[in-house]
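Q: Spelled out from the first residue to the last, the chains are:
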Amino acid sequence: MSRCDIKVVLLGSEHVGKTSLVLRYVNCRFNADIPYQNTVGAAFCAKTVRAGDKDFNIGIWDTAGSERYEAMTKIYYRGAHAAIICYEPSSVASWNRLRHWLQELRTVEEDCKVYLCGTKKDLLDSGYVSREVSQDIVATYSQGLCGHFLTSSKTGENVDELFQKIADDCAADLKLMKEVEDLRVQLAKDEAAYRVKNNNYCIC
Amino acid sequence: MWYGPNLQRSYKYMMFASKMPSLRIDKSDLKCKNGCDYFGNPQWQGYCSKCHREQMQRQRKAEKESSATLPKPEQKKTDRGLKITSHSSFSKFEEKRLRQSETLKKANLLKFSVFKKSSTDDHDHSAEKRLPEFKIPAMVNEGMKSDFRMKFSQLSPSMDRDARVFVHSFIMDVIKCANVLTVDELSERVQRQYQRFMRHMDTSSHFTNVDSDTKELLMDFVEKHAMTYLHELPSVVFSPTGTDDERLDRAMSERIQQLSWVGEKHLECKLDRSNAECRQLLYKAISELLGMDSALSPGGKLSRVRRACRHVLRLCSHAAPASADDLLPALIFTVLKANPPRLVSNINFVTRFCNAQRLMTGEGGYYFTNLCCAVSFIENLTAESLNMDKKEFDSYMAMPASIGGSSWAAALSLCGAAREAQEQREGAAQVLAQAQQLQARADSLAANALSFEEQIAKKVQDVLAKTPLEIKPRRELPRFGKFKEINTAALIDLGSNNDTEEPKATAKQPQPQATTTQLTEPVYTATDSVEITHKQPDTSVIVQPSDEPKLNILGFEVIERESPSKSPQNWDLKKTGSTELLTPSPLGFTPFDSRSIDELMTPDEFVTDHLPPGLSNINYDIDLSDFSGDNSIAEDAPKTENKDPFSPDGLRKTVPFDPFAPQTSKDYAVLESFDEFSFVHKNQETDPFEVVHRGNNPFSPVEMRADLENDPFTPQKKSTSILDDNDSPTSACLLPSPLLPQSSKKST
Chain Z
1 MSRCDIKVVL
11 LGSEHVGKTS
21 LVLRYVNCRF
31 NADIPYQNTV
41 GAAFCAKTVR
51 AGDKDFNIGI
61 WDTAGSERYE
71 AMTKIYYRGA
81 HAAIICYEPS
91 SVASWNRLRH
101 WLQELRTVEE
111 DCKVYLCGTK
121 KDLLDSGYVS
131 REVSQDIVAT
141 YSQGLCGHFL
151 TSSKTGENVD
161 ELFQKIADDC
171 AADLKLMKEV
181 EDLRVQLAKD
191 EAAYRVKNNN
201 YCIC
Chain S
1 MWYGPNLQRS
11 YKYMMFASKM
21 PSLRIDKSDL
31 KCKNGCDYFG
41 NPQWQGYCSK
51 CHREQMQRQR
61 KAEKESSATL
71 PKPEQKKTDR
81 GLKITSHSSF
91 SKFEEKRLRQ
101 SETLKKANLL
111 KFSVFKKSST
121 DDHDHSAEKR
131 LPEFKIPAMV
141 NEGMKSDFRM
151 KFSQLSPSMD
161 RDARVFVHSF
171 IMDVIKCANV
181 LTVDELSERV
191 QRQYQRFMRH
201 MDTSSHFTNV
211 DSDTKELLMD
221 FVEKHAMTYL
231 HELPSVVFSP
241 TGTDDERLDR
251 AMSERIQQLS
261 WVGEKHLECK
271 LDRSNAECRQ
281 LLYKAISELL
291 GMDSALSPGG
301 KLSRVRRACR
311 HVLRLCSHAA
321 PASADDLLPA
331 LIFTVLKANP
341 PRLVSNINFV
351 TRFCNAQRLM
361 TGEGGYYFTN
371 LCCAVSFIEN
381 LTAESLNMDK
391 KEFDSYMAMP
401 ASIGGSSWAA
411 ALSLCGAARE
421 AQEQREGAAQ
431 VLAQAQQLQA
441 RADSLAANAL
451 SFEEQIAKKV
461 QDVLAKTPLE
471 IKPRRELPRF
481 GKFKEINTAA
491 LIDLGSNNDT
501 EEPKATAKQP
511 QPQATTTQLT
521 EPVYTATDSV
531 EITHKQPDTS
541 VIVQPSDEPK
551 LNILGFEVIE
561 RESPSKSPQN
571 WDLKKTGSTE
581 LLTPSPLGFT
591 PFDSRSIDEL
601 MTPDEFVTDH
611 LPPGLSNINY
621 DIDLSDFSGD
631 NSIAEDAPKT
641 ENKDPFSPDG
651 LRKTVPFDPF
661 APQTSKDYAV
671 LESFDEFSFV
681 HKNQETDPFE
691 VVHRGNNPFS
701 PVEMRADLEN
711 DPFTPQKKST
721 SILDDNDSPT
731 SACLLPSPLL
741 PQSSKKST
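Going line by line, the protein sequences match chains Z and S.
First residue of the first sequence: 1, per my numbering; consecutive thereafter.
First residue of the second sequence: 1, per my numbering; consecutive thereafter.
Quick caveat, the hints were computed from the structure, so don't treat them as lab data.
Note that the structure is predicted; figures quoted are calculated from it, not measured.
Careful, some of the hints might be misleading.
So, partial list: chain Z residues that the calculated Cβ filter (under 8 Å) puts toward chain S [said to hold, decoys possible]:
(1) T48
(2) R50
(3) S66
(4) A93
(5) C146
(6) G147
(7) Y194
(8) K197
With the Cβ distance kept under 7 Å, some of the chain Z side facing chain S (calculated, not the full set) [claimed, not checked]:
(9) K7
(10) G52
(11) G59
(12) D62
(13) T63
(14) A64
(15) R68
(16) M72
(17) Y128
(18) A139
(19) Y141
(20) G144
(21) V185
Just so it is clear, CB atoms sit at the ideal spot from N, CA and C, and this is done for glycine as well.
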């Protein structure tokens, strides 16, 4: 099924590790479950996640990070339930572009949940690179956002947690929406029944 | 999902802010977005009606201005002829294709205008006027029906009906609104229709057992059929009137042609042009993109795009799985090389009228979004976006075509032709397959017919073999006729008659045995004698016509002369006597009865004479024994046996059979069997009330008495007996006494 319950857009400048993140998430645990991912590529990935007592199909939309396509990324946001903005803690440039997306998302897609994701944690931990983006700034920016994660696609650290959190949040949201929808459907049903009943009684 | 439909559906609008509906609504949300004090409406993007109109106008203006950056078609048209000559073969092909599509559209328009020529107004108004008589061709309905049956065979027909009803109302609604609303309004309306159907599936009782996957498939199904039909109507949903789609199509096509020099290195996509496999994939992707135009439903177009993008992805992923960073440039390159016809129209069509839920999520949506990105990128392509010097870019743009005319271009132009050829080939193959199928079916039909014929022939043969046509005539029946002939033909045929009769006589013997249990033994002996003697009555018959009474008389006469000659009749009659006991009441048998009684007389006469009617049965034995006393003892024993079971049986049987159904089948059968021997009986049966017969039998009264004795409960018989009684005294006195002892003696 190519249909998805949750649409997650992956943003971030080039070479920040978006694709690796997706690949890590999709392929690490349920390799066998998604056979076509390996052949077709990682641009679009779908994965079934269990959130609460229900299964959700998460569709992850990878976007091109190159700056020349920056103007087009807006098209990708449309109708997204969640967006993950990736940055590299060791690169200030990536962080600067993150701010741009953040701004844009706030104006274009208000309902979209935004998650920050610092990638390549393993490099940071091993001391291979030094942290350039201060944690204070990250903390201030992540206020009002749905979450901030430091992940490592290499080790898989925090990757599942990130997506699980997204799934849970969206599931809660969807559940609420669903309830509202159900209520509406119920109302519609009642109305229809009422109309039928009325028709029965009133022929005039 | 549960997003409202209030989204701009042009991919261009996606650039601008479009607000998703949120769960929390406060008062300010209800107000017009413009800040005027009127309330806004989600149908109008949150504006009040007035502001919305203004906004729309402004937007359209802005859109025109933005597309003004593209080369103006009017401007181009002047130097088009010049360009065609200078273009590479590929661009020529594209030109041709474009023109084809244009002429196609014009033809459609013509058709459409012919179709609605009843109204002579200008386009918009005429469309409105023609509505009342507009009808959706039944083909749509039929197509849906068969398709539904094929795809959702497990679903109930009520759903099928629902879907068809929905599609019908949907199409009508869209056509009705097409000329009244703007495209975006129409798009909203369509989206609301989709939602309505979705809600219908949620609420309707028909769909309670359907899972969500099937519902989505149903949704697709509905969308496909509705849109496939609408797509064919020109200027309704596909590049509708009031939009610039057609102009934009042309502009885009020109633009792509202009950019044909853009190579993979400009876009920084990793393509290996020397790799044959890689090129193959590119061709495939291009042909899919080109095929997008020929798909009619948004879903179909979307799936084409998806397939094209998959090819592109495979194209990119040499070592590592391709990501969006690889996909987008490669896709842009593919679009540039493919130059799909009516690209903008197609994209707009999908964005406007595809089910939004699918477009926003899912793989197809993702690839379509990528395509939108690519188109948008191409539209806004500048020197910076290609990372090249502005001057160089301008110079390329100034003298296009030839620069890109490398082996790539040639190959790609071939690709387009190849694709068309392949389409043709596929079509031909399909037709061929169909023809073959048809042929095969015809063959099988012919074979079936042949085998059927053979089977029938064989069956007929079998039946004929089993039951040869030469049906043995029931000899008894014809014999009656024969007898007459025989009568005339005299003795020659008698032998044969005997031959035929003998087995029958023997065959019939068991029957009397069955009915009258012990009667047979004396009868046997009697029949033996009868068969020998039978000729004699026949001969006697020959002399006489078949009239029964005469026969009787004759028989009696014969009997008087010879006891054995009478014995056959006796035998017959005895049996009949027994049957008469079974069926005493009916008038129809009375003549028969009388006959039988004649025979019965032999033992009974005395009895009947002496005894009162009801007691006859019991007395039989005694009487017979008395008679036997006269004759040999050995003979008596069988006789007593005969009569003992005989009379009670008769009584038993008479009681149930009596009431008012005189002619029971059993009796008839028995009678008929007897008829075989004496044809005269038949005649009698046919005319049961013949008085002549009784009159002929002067002895019958006595017999009738016997009858009376046998069935005392039947009034009819009494009456007959009474009639007979008149005759009885004389007959009783005269006949039986001499006859019967003799016959019995003789039979022994």
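Q: Does each hint fit the structure? Answer for all of them.
A: Status of each hint after checking the structure:
| no. | hint | verdict |
| --- | --- | --- |
| 1 | T48 | 13 Å, violated |
| 2 | R50 | 17 Å, violated |
| 3 | S66 | 6 Å, holds |
| 4 | A93 | 16 Å, violated |
| 5 | C146 | 16 Å, violated |
| 6 | G147 | 20 Å, violated |
| 7 | Y194 | 13 Å, violated |
| 8 | K197 | 15 Å, violated |
| 9 | K7 | 5 Å, holds |
| 10 | G52 | 17 Å, violated |
| 11 | G59 | 6 Å, holds |
| 12 | D62 | 4 Å, holds |
| 13 | T63 | 5 Å, holds |
| 14 | A64 | 4 Å, holds |
| 15 | R68 | 5 Å, holds |
| 16 | M72 | 4 Å, holds |
| 17 | Y128 | 21 Å, violated |
| 18 | A139 | 27 Å, violated |
| 19 | Y141 | 22 Å, violated |
| 20 | G144 | 16 Å, violated |
| 21 | V185 | 5 Å, holds |
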